[in-house]
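Peer 1: Please build the complex by placing chain B on the supplied structure of chain A, with the hints as guidance.
Chains A and B, in that order, are what the protein sequence lines are. Heads up: the first sequence begins at 1 in our numbering, then just goes up one per residue. Heads up: the second sequence begins at 1 in our numbering, then just goes up one per residue.
These aren't lab readings, by the way, just hints derived from the structure by calculation. Here the structure is a predicted model, which means the values were calculated and not measured. Treat the hints with care, as some may be off.
With a cut-off of at most 30 Å between alpha-carbon atoms, the simulated DSS-like pairs for lysine-lysine come out as follows [unchecked claim]: (1) A/131 with B/155; (2) A/175 with B/134; (3) A/183 with A/51; (4) B/155 with A/150.
Chain A residues, not near chain B, derived (Cβ > 10 Å throughout) [stated by the list, open to error]: (5) 45; (6) 68; (7) 135; (8) 141; (9) 230.
Heads up, incomplete: computed chain B residues facing chain A, CB under 10 Å, no partners named [unchecked claim]: (10) 125; (11) 129; (12) 188; (13) 248; (14) 251.
Ideal Cβ positions, reconstructed from N, Cα and C, are used throughout, including at glycine.
Take a look at the letters that make up each chain.
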Amino acid sequence: MRTKRTLLVLLTVLACSSLVFAGTVSGKVTYTGTPAHQKPIDMSKEPTCAKQHNPPITTENVVTGADNALENVVVYVSSGAPDDGQVPPQALTYTQKGCQYIPHVLPMHVDQEFDIVNDDQTSHNIHPLPKVNTEWNKSQPPGTAPIKEKYDKPEFIPVKCNIHPWMHGWFVVLKTSHFDLSKGAGDFKLPNLPPGKYTITAWHEDYGTQTADVTITGNETKDVNFTFKAKAY
Amino acid sequence: MNNWKPMRFIGVILVVAIFGLLTALSSAQDEPMVGPKPPLVVKPMESHIGNITGHAADAKSDYRRYCAGCHGDYGDASGENAVWLDPKPRDFTIATFKCRSTLTGTLPTDEDLFNTIARGLTNSNMPIWNTFTKQQRADLVAYIKIFSPRWEKEKAGTPISIPAEPPVTMESISHGQALFAKLECWKCHGTHGEGNGPSASTLTDSLDNPIRPYNFALGKNDSRFKCGSTNQDIYKIFMTGVDGTPMPSFADVIQPNDAWDLVHFLRTLQVHRHSKENDLLMAAHGVIPPYQDKGAPPAAAPADNKSPGGGQ
Chain A
1 MRTKRTLLVL LTVLACSSLV FAGTVSGKVT YTGTPAHQKP IDMSKEPTCA
51 KQHNPPITTE NVVTGADNAL ENVVVYVSSG APDDGQVPPQ ALTYTQKGCQ
101 YIPHVLPMHV DQEFDIVNDD QTSHNIHPLP KVNTEWNKSQ PPGTAPIKEK
151 YDKPEFIPVK CNIHPWMHGW FVVLKTSHFD LSKGAGDFKL PNLPPGKYTI
201 TAWHEDYGTQ TADVTITGNE TKDVNFTFKA KAY
Chain B
1 MNNWKPMRFI GVILVVAIFG LLTALSSAQD EPMVGPKPPL VVKPMESHIG
51 NITGHAADAK SDYRRYCAGC HGDYGDASGE NAVWLDPKPR DFTIATFKCR
101 STLTGTLPTD EDLFNTIARG LTNSNMPIWN TFTKQQRADL VAYIKIFSPR
151 WEKEKAGTPI SIPAEPPVTM ESISHGQALF AKLECWKCHG THGEGNGPSA
201 STLTDSLDNP IRPYNFALGK NDSRFKCGST NQDIYKIFMT GVDGTPMPSF
251 ADVIQPNDAW DLVHFLRTLQ VHRHSKENDL LMAAHGVIPP YQDKGAPPAA
301 APADNKSPGG GQ
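Excised from the complex, chain A in its bound form (with noise of 0.2 Å):
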C-alpha cells in the first residue's frame, strides 16, 4: 500500500515537473527580397492527374504565403537536446496524388516509419537519393499496398518519381524528436522543451540553413523567428 502512494507521488510529481518545466520555442518563418517565380507544371503526359488541377498547379521549391510567409522549412532542434532514441509514435504518410507528393517535406526522426501511399490512377517508381542512407527504387502501381520504410541515418533526401519528372520532394530524417514543418502562415511550434540552452535550425530547400542559440529556463514560451534571404533564379 505504502509503495504504491509513493509510486503514485512520484508520477504526480514527475508529471508537474514535465509541465512545469516544459518550455516551447514558437515563430514564424519569413522572406525578403523576391522569390523565384514558380512555373506552372505541365501534366499533359498523365491526364488523370492533370484533370486534378485546374489551373496547373505550380513547382514547390517555394511556397510563400500572406505577410511574407515561407512554408515547407524544417525547424529543428539541432543541438542542446540529447537524442534520447525515443522514436514519435506518430504514423507518417507520404501519399503521391495528382502527380504531386504530399507533404512536399516530410520531416521525421531516424527509424520512424512511414507509408508512402499512391492515391493516383497511374504508376509512380518512388525514388529517393540519398548519399548516406541506402538508395532504393520502388514501383508503385496504383491500387497497391502502402510501401513501408525508415532511414537509420540523418540526413536530407531529395525524392523523384522518374516516370514523372516533375515530381520532387524531401525526406528530412533527423537524429531528433524536437521538429516542426512551417505552415502556410510561416508558422512552427517546438513544444515541451526542457531547461536548457538549445541551437534551432531551420532549414529550406532553396535558401540553406539559419541556426538562433535559444535558452528556455523553465515553462515559459520563447519567439524565434527567421527570415530567409529570396533568391530571384
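Peer 2: Using the frame of chain A, we list chain B on its own:
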C-alpha cells in the same frame, strides 16, 4: 674586369643550382601534404563463390592494371578515362550496384559481382572480362569491397526466389502484354519496347546524368540485357530493379508466376532475336490475343489494333 666574367657566370650557376635544389627539396617535403587523398588501405576483404575464396590483397595489381583506368585507384569512378565515358563507370564507394539477385537497396551477392565482371555491361564501356581466371575474378570481387564501409557493416541481400519457368504459351505472352500495359513499363520503354516512351527523354540516373531506357528491338541473336541474357536474368532485372538508375524494383507488385508471363512477353519485343516466344508468335501470325482475366468481364478491345512486338 676580365677575371670577373667567369666568376659571375659560376655564381649565377650556383645560385640557380641552389635555388633548384631548394625547390626540389621543399616540393619533396610538401608531397604528402599536396596529395588530396590518404594512401589506400587494402582491407582484408574476402569473397566466396562456390568453393573459391577471393582475397582483396591478391587483386591489387589486376585492379590497378585493368580496372583503375575507369573506376579510379580509390574506386570512386575518377579514373583518367571516366570523363569520356557514358554511362559513367561504377563508383564503388557508394556501393550501389545495377545487377543483383537481391532486393533493391541491398548489397549484391558475391556471385552477382563475379558474374557481372565476366559478362560485362551491355551498352556501356565495361567489357567482357572472361579472360580472367575464376580466382582472379573472385579476388577482384573481394577488392571492390575495400572501397565502401557498407561491406563491413551489412550482409549481402538474400537472393529472390525464382520459381521454375512455366512453358511458353500464347496465354502467358498475352498476360505478359497486359502486365506491360498495366504496370506502365511503356511509359519509359515505349509501347513496342523501343526505349521511346513518353518519359524516356527526361530520364536521369542517380548522379543526374542522362540515361536511356533499354531498347528491346535493337540487336539480333546476340542481343543482351544489361544484366545477362537468359530468361532468368530478365526476371531478376525487373523484379530487383537496376539500382542507381530510373528502373525500379517490381518485387512487391508482381506475383512470381505473373513475372514469368512478363518475361515471355518481353522476349517478343526483341523482334530480331530468335526465341521460342517469337516462334510461337510467328505461328500465330504475329497477333497476340487480348488477355482475358478469368472470372473478370471481357476487356474492351484496345483502340490500337496493332499489337506491340509482332515477331516478324
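Peer 1: None of the hints should be skipped; say for each whether it holds.
Peer 2: Status of each hint after checking the structure:
1. A/131 with B/155: holds, 19 Å
2. A/175 with B/134: This hinted pair is violated, its Cα atoms lying about 45 Å apart.
3. A/183 with A/51: Cα-Cα ~26 Å, so holds.
4. B/155 with A/150: This hinted pair holds, its Cα atoms lying about 18 Å apart.
5. 45: violated, 5 Å
6. 68: holds, 32 Å
7. 135: violated, 5 Å
8. 141: violated, 6 Å
9. 230: About 25 Å separates residue 230 of chain A from the closest Cβ of chain B, which puts it past 10 Å; holds.
10. 125: violated, 23 Å
11. 129: For residue 129 of chain B, the interface hint is violated, since the closest Cβ of chain A sits about 26 Å away, which is over 10 Å.
12. 188: Hint on residue 188 of chain B: holds, closest Cβ of chain A at ~7 Å, below 10 Å.
13. 248: Because about 4 Å separates residue 248 of chain B from the closest Cβ in chain A, which is inside the 10 Å limit, the hint holds.
14. 251: Because about 8 Å separates residue 251 of chain B from the closest Cβ in chain A, which is inside the 10 Å limit, the hint holds.
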